[in-house]
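K.L.:
Letter by letter, the chains look like this.
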Amino acid sequence: MTLPDLPIDPVPGLRALVLLLVGGVLVRLVRRLSAVIEARLGPQGSMLVRRIAPATVWLLFGMAALNELGFDLKVLLGAAGVLTVAVGFASQTAASNLISGLFLLAERPFVIGNVIEVGGVTGEVVSIDLLSVKLRTFDNLFVRVPSESLIKERITNYSHFAIRRYDLKLRVDYREDMDKVRELLLATADAMPICLDEPAPLVIFQGFGADGLELQFSVWAARERFLELRNGLPVKVKTAFDAAGVRMPTNERSLSVADGGALAVRLEPPPPAPTEDSGDAGF
Amino acid sequence: MSATSPWPPLTVPPGSCVRWTAGSLTLWVARAPGEWRIASRIGPEPLATDVSVESIDAIPDDLDATRFAASGGDTLVLAPRLADRSVVARPESKLYVTDRAIFFVSTPVWLQVAVQGGPTLLELATWRPSDTWFGPSPTSGALAYASRTRGRVRPDALAPSPVRAITRVEIQDDASTPLVVERINLPIPELRLFDAGGTLWTTSIRLHRRADGESADVQLVPGPPADHPEALEIAAPRQAAPGTLRRALSALIG
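Each protein sequence line maps, in turn, to chains A and B. Numbering follows my numbering, in which position 255 of the first sequence is assigned residue number 277; successive positions increment by one, without gaps. Numbering follows my numbering, in which position 227 of the second sequence is assigned residue number 683; successive positions increment by one, without gaps.
Worth double-checking, as some hints may not be accurate.
Dumping the calculated SDA-like pairs for lysine to any residue here, alpha-carbon to alpha-carbon at most 20 Å [as the list claims (entries may be wrong)]:
| id | chain 1 | residue 1 | chain 2 | residue 2 |
| --- | --- | --- | --- | --- |
| 1 | A | Lys258 | B | Pro500 |
| 2 | A | Lys202 | A | Leu249 |
| 3 | A | Lys260 | A | Leu249 |
| 4 | A | Lys258 | B | Ile498 |
| 5 | A | Lys258 | B | Lys550 |
| 6 | A | Lys202 | A | Val167 |
| 7 | A | Lys258 | A | Glu198 |
| 8 | A | Lys258 | B | Ser586 |
| 9 | A | Lys258 | B | Gly499 |
| 10 | B | Lys550 | A | Leu249 |
Not the full set, but computed from the structure, chain A residues with beta-carbon under 7 Å of chain B [claimed, not checked]:
| id | residue |
| --- | --- |
| 11 | Phe183 |
| 12 | Pro215 |
| 13 | Leu218 |
| 14 | Asp219 |
| 15 | Glu220 |
| 16 | Leu224 |
| 17 | Val225 |
| 18 | Ala244 |
Quick caveat, the hints were computed from the structure, so don't treat them as lab data. The beta-carbon is built from N, C-alpha and C at its ideal position, and this holds for glycine as well.
Could you put together the complete structure from these sequences and hints?
P.N.:
Have a look at this one:
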């Protein structure tokens, strides 16, 4: 028994349909395996696979299906070549961002959740895409940074290492005992559990400033405690200095008179303390 | 039979309040129907040894009390737990180990507060140790606690305390050069806690430096410490660890 002659051969059509169905199944499979892909490649790699894989699969299987149906793909490829040149000229910036994005994904200078500073903007990384990276600043602004900028500019990642050092710059009066100041500073750090014992706190002499001895007090803390250290340590240092009578200079200036002259100084008595019946009670 | 705590349970009837002290930690506990209010404060003396309970009128106003909505009975179980991070301990002076050395380190315990037969309400340190970093550089290593008490060669040289656990550390050195020990990173979360009649002990640690001088086998000696074989286990390790683990020496000794 033979099949009757049909005006159109159905076999190529069926093959094309099968190819499209297989392509569809592959795309669905990629989407279903996204959790596994993310576990192996990370969120950035998973995003890349989820966006590029379906388009690639549809392109390949679509072209195969068209080939089965008898279309001459050389014409299509030729038109695609011309289109590519035109699009390439028009989208140089986008292409540069795309390629920069791929390099960033490979290099991984930061990951989602890190706090970075780039181009004068500091924020938390909320999304890493091919063309750009999105930041959320601490005052809740949304900043889009093109990938090309990230490749060119210096990026500071505040979240990369587990511990950070805080450098407290301070001045003390020239009349103060440096050993006493140093002991006070180290005792202040010792009394704060969030200050790491190691690396040990350091008191570093910076110079003989115009207003006093300039020091840097460097203390380490866990990254998560850095803000607490930055806000808490200066307060505790000030309290310790006040309790010990250590003077921190204000802007005092020494005056000298030219030509050896003298300035007359008159001491004024302190103003009288206000009384309850001072008369001018306001309203 | 293993006990769960060396401290008796704390019964607080509704409408009443108690103050519980163990070492430097003071706990204020108030009970209301369906609710617990708990405040805490750590005193200035890390080696305080008192354990006491007294009834009081109310939680002082200057304290921030945490409220827990919990049904169940009016009794709390107060149990010691070991620290949640490694502890870096120093021997009383720099130690040069040529073949074998033993020393003892005490570390503060954490207090777990749970409703009897019910959920755990909170866990807090009886003494907040200072944070520290153990590692070859600030870019590699791990956060740990710093033990302010020095390691001693005899356990009775350590100040006794109901809120500090003693760990026996034994170092065996097979390398040709002496091992210089200035500080040692103790894996406290991997140890068990034992009650030796009111004194708390942990699993003993045996560190065997291999002949190459760069690596060491760390063994957590099963069972109670050799100094107190009668001790009862009262807390399991926070983290599971194999019985013997080979690690780089730099991860243990500094």
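K.L.:
For each hint, tell me whether it holds in the structure or not.
P.N.:
Each hint, compared with the structure:
no.	hint	verdict
1	A:Lys258 - B:Pro500	holds, 16 Å
2	A:Lys202 - A:Leu249	violated, 27 Å
3	A:Lys260 - A:Leu249	holds, 18 Å
4	A:Lys258 - B:Ile498	holds, 18 Å
5	A:Lys258 - B:Lys550	violated, 33 Å
6	A:Lys202 - A:Val167	violated, 49 Å
7	A:Lys258 - A:Glu198	holds, 19 Å
8	A:Lys258 - B:Ser586	holds, 16 Å
9	A:Lys258 - B:Gly499	holds, 18 Å
10	B:Lys550 - A:Leu249	violated, 35 Å
11	Phe183	holds, 5 Å
12	Pro215	holds, 5 Å
13	Leu218	holds, 5 Å
14	Asp219	holds, 4 Å
15	Glu220	holds, 5 Å
16	Leu224	violated, 13 Å
17	Val225	violated, 18 Å
18	Ala244	holds, 6 Å
In this structure, the earlier hints numbered 2, 5, 6, 10, 16 and 17 are contradicted, and the remaining ones agree with it.
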